[in-house]
Amino acid sequence: MQAPASSSNPGYFGPYGGRFVAETLVAALDELTAAVDSIVHGKEFQKEWRDLLANYVGRPTPLSEATRLARAIDPESKLISRLFLKREDLCHTGAHKINNALGQVLLAKKMGKKRVIAETGAGQHGVATATACALFDVPCEIYMGAEDVLRQAPNVERMALFGARVIAVTDGSRTLKDAMNSAIRDWVTNVKDTYYCIGSAAGPHPYPSLVAELQTVIGEEARAQIIDRTGGLPDAVVACVGGGSNAIGIFRGFMKDESVALYGVEAAGEGLNSTRHAATLTKGRVGVLHGSKSYVLCDDGGQITEAHSVSAGLDYPGVGPEHAWLKDTGRARYISATDQEALAAAQLVAQTEGILPALETSHPFAKLTDVATELAAKKAGPKTLLLCCSGRGDKDLETLMRAREERA
Amino acid sequence: MPFSDPTADGPAIARASQRAIQAGGGLDATLRAAKEIRAQSAAPIILFGYYNPILVRGEAKTVDDAAASGVDGLLVVDLPLDEGVELRTRAATHDMPIIPLVTPATLPSRLDQIRALDRKKIGFVYYVSVTGVTGAANANLNKAATAAAAVRAAVNAPVVIGFGVDGPEKARAAATGADGVVIGTAIVRRVENADSLDDGIAEVSSFLGEIRGALGPNG
Chain U
0 MQAPASSSNP
10 GYFGPYGGRF
20 VAETLVAALD
30 ELTAAVDSIV
40 HGKEFQKEWR
50 DLLANYVGRP
60 TPLSEATRLA
70 RAIDPESKLI
80 SRLFLKREDL
90 CHTGAHKINN
100 ALGQVLLAKK
110 MGKKRVIAET
120 GAGQHGVATA
130 TACALFDVPC
140 EIYMGAEDVL
150 RQAPNVERMA
160 LFGARVIAVT
170 DGSRTLKDAM
180 NSAIRDWVTN
190 VKDTYYCIGS
200 AAGPHPYPSL
210 VAELQTVIGE
220 EARAQIIDRT
230 GGLPDAVVAC
240 VGGGSNAIGI
250 FRGFMKDESV
260 ALYGVEAAGE
270 GLNSTRHAAT
280 LTKGRVGVLH
290 GSKSYVLCDD
300 GGQITEAHSV
310 SAGLDYPGVG
320 PEHAWLKDTG
330 RARYISATDQ
340 EALAAAQLVA
350 QTEGILPALE
360 TSHPFAKLTD
370 VATELAAKKA
380 GPKTLLLCCS
390 GRGDKDLETL
400 MRAREERA
Chain H
0 MPFSDPTADG
10 PAIARASQRA
20 IQAGGGLDAT
30 LRAAKEIRAQ
40 SAAPIILFGY
50 YNPILVRGEA
60 KTVDDAAASG
70 VDGLLVVDLP
80 LDEGVELRTR
90 AATHDMPIIP
100 LVTPATLPSR
110 LDQIRALDRK
120 KIGFVYYVSV
130 TGVTGAANAN
140 LNKAATAAAA
150 VRAAVNAPVV
160 IGFGVDGPEK
170 ARAAATGADG
180 VVIGTAIVRR
190 VENADSLDDG
200 IAEVSSFLGE
210 IRGALGPNG
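Top to bottom, those sequences are chains U and H.
Its first residue numbered 0, the first sequence is counted upward by one per residue in numbering that gives the first Met the number 0.
Its first residue numbered 0, the second sequence is counted upward by one per residue in numbering that gives the first Met the number 0.
No lab work stands behind these hints: they were computed from the structure.
Beta carbons are placed, not taken as given, at the ideal position from N, Cα and C, and that holds for glycine.
Do not rely on the hints blindly, as some may be mistaken.
[As the list claims (entries may be wrong)] Heads up, simulated BS3-like pairs for lysine-lysine below, C-alpha to C-alpha not over 30 Å straight-line:
| no. | chain 1 | residue 1 | chain 2 | residue 2 |
| --- | --- | --- | --- | --- |
| 1 | U | K326 | H | K60 |
| 2 | U | K377 | U | K255 |
| 3 | U | K282 | U | K326 |
| 4 | U | K191 | H | K60 |
| 5 | U | K112 | H | K60 |
[Claimed, not checked] Interface residues of chain H toward chain U, partial, derived using beta-carbon atoms under 10 Å:
| no. | residue |
| --- | --- |
| 6 | P5 |
| 7 | G9 |
| 8 | A11 |
| 9 | D27 |
| 10 | Y49 |
| 11 | Y50 |
| 12 | P52 |
| 13 | D81 |
| 14 | L100 |
| 15 | T105 |
| 16 | L106 |
| 17 | Y125 |
| 18 | V132 |
| 19 | D194 |
| 20 | G215 |
Please put together the full structure from these sequences, using the hints given.
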């Protein structure tokens, strides 16, 4: 049951989405909406973007079967028969973010914009945007929370090497939320010739639709690949959800396949009963943040609360509006993994598959047993699972090494 | 109405919001303050803020309580015309306007939209002098006054100018094309820099005296 933005209520997924922005941005969002129609949906753009995806990003990304991991989790194959990974970590720059960034920067260029700005949490979207801007020769400035600048240092260096200017944001929780506040303020000020390249399927209309559309390539490829390899559809698709761009990308490929369960895994941080988590769909309430109505983490007075996750990319108190709608309709189910579960999963995946997943991606890895157990309760027999391996963990080495030392 | 993530505001008002929230401020406290002020003064009160606290508290409850507290209007920065239908409709039952904003980037078609609304629902139009956040140092108020006068004619409602009005000169320039002038950041900065409450009140009173002087007998 897909709920696209309807023409009578543009930019809405059920009651979620919309455009909750300062008046200054309304005309710019109108301009962008028109450009999505006239440029992104045009043959020329599609040809150039698809060509870049194939010959620059390295698409299609492989579908790897993770047999050793599956047996490590479920030695007797009672729950999981086969486990497949959609290898977005093998994309150029190390995560799915490049699919969207190349699309949006190409769009910015065609719209005649002179400058691109972006927010970043883990730095993957910042790196992807800086990469696309280097390729297209567009000046680029990236807002990043000061806390994230510290914990994702390698990505900060990469952005600088690509010629982008990284601006450390010292307001509030000094993470993704505050980086996005600063990027919006920049856009309000320089709206005429600046393009704001949002990295997640969040923000005001048309961003959630645009980002989802540019990430749907993940789901389209994965669906064809798994049918080719197994002769059928998986029982469930699992992905991490911060803002939710990789999840919506892979979900959209399977939205109409009602036999396929969709699972989003949020960051439970130090636990859902603590105040230190980022499980917006699981523990949040309906609210408005950064331009759209969705679930948010906020107090009874409507003040946005600080999120926490060991993974910078999931450390966000909001979530894309389409996920809010998928949750309410029941088409997708949202669960969560703690910091410790994610760190342990990263280690296990590395040792059994020789793949070092990003800490974001480690969250769904940590919940495979839970997903398979839930599925078994509905229908007996071991299941085929598909996991979106959204990014690689090179950027998280320091956090992973520290966790290893603490365990030792 | 303080909000944790005021994306249309510059650093001074953003810091003021943080101070207010840390001191226990929020929508409830703002409404209580309005009620106390209303008990002592007949001056019109317009509350300015962001949508999430209103949505979480409940649109109807917020509007009803605001009316009962003597509030005369609301300005919700991140609630543009199209998203504000429910709040405007509820507010209209109290004859309470939801003030629309118009900026240099606003298209003429939106002015028609505002003109078509019942005057009671909008009260007046807030013309934003710059494309930018509050506290902009580079606002050209002469240019804004010309634009605001054109907006006033187009929407057939009173217009006030705000953003970047930091002293008597800019206030005077703005007033040439508008029915009122909004001063936010310049006041908030004086409060922030004050050594004590009394010092802050004295600073702000003297500053507003200068502004009134510059605006002439009707200031």
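Each hint tested on the structure:
no. : hint                 : in the structure
1   : K326(U) with K60(H)  : 27 Å, holds
2   : K377(U) with K255(U) : 20 Å, holds
3   : K282(U) with K326(U) : 12 Å, holds
4   : K191(U) with K60(H)  : 38 Å, violated
5   : K112(U) with K60(H)  : 43 Å, violated
6   : P5                   : 8 Å, holds
7   : G9                   : 7 Å, holds
8   : A11                  : 13 Å, violated
9   : D27                  : 7 Å, holds
10  : Y49                  : 8 Å, holds
11  : Y50                  : 5 Å, holds
12  : P52                  : 3 Å, holds
13  : D81                  : 7 Å, holds
14  : L100                 : 4 Å, holds
15  : T105                 : 6 Å, holds
16  : L106                 : 5 Å, holds
17  : Y125                 : 9 Å, holds
18  : V132                 : 5 Å, holds
19  : D194                 : 25 Å, violated
20  : G215                 : 30 Å, violated
Hints 4, 5, 8, 19 and 20, counting from the list given before, are not met by this structure.
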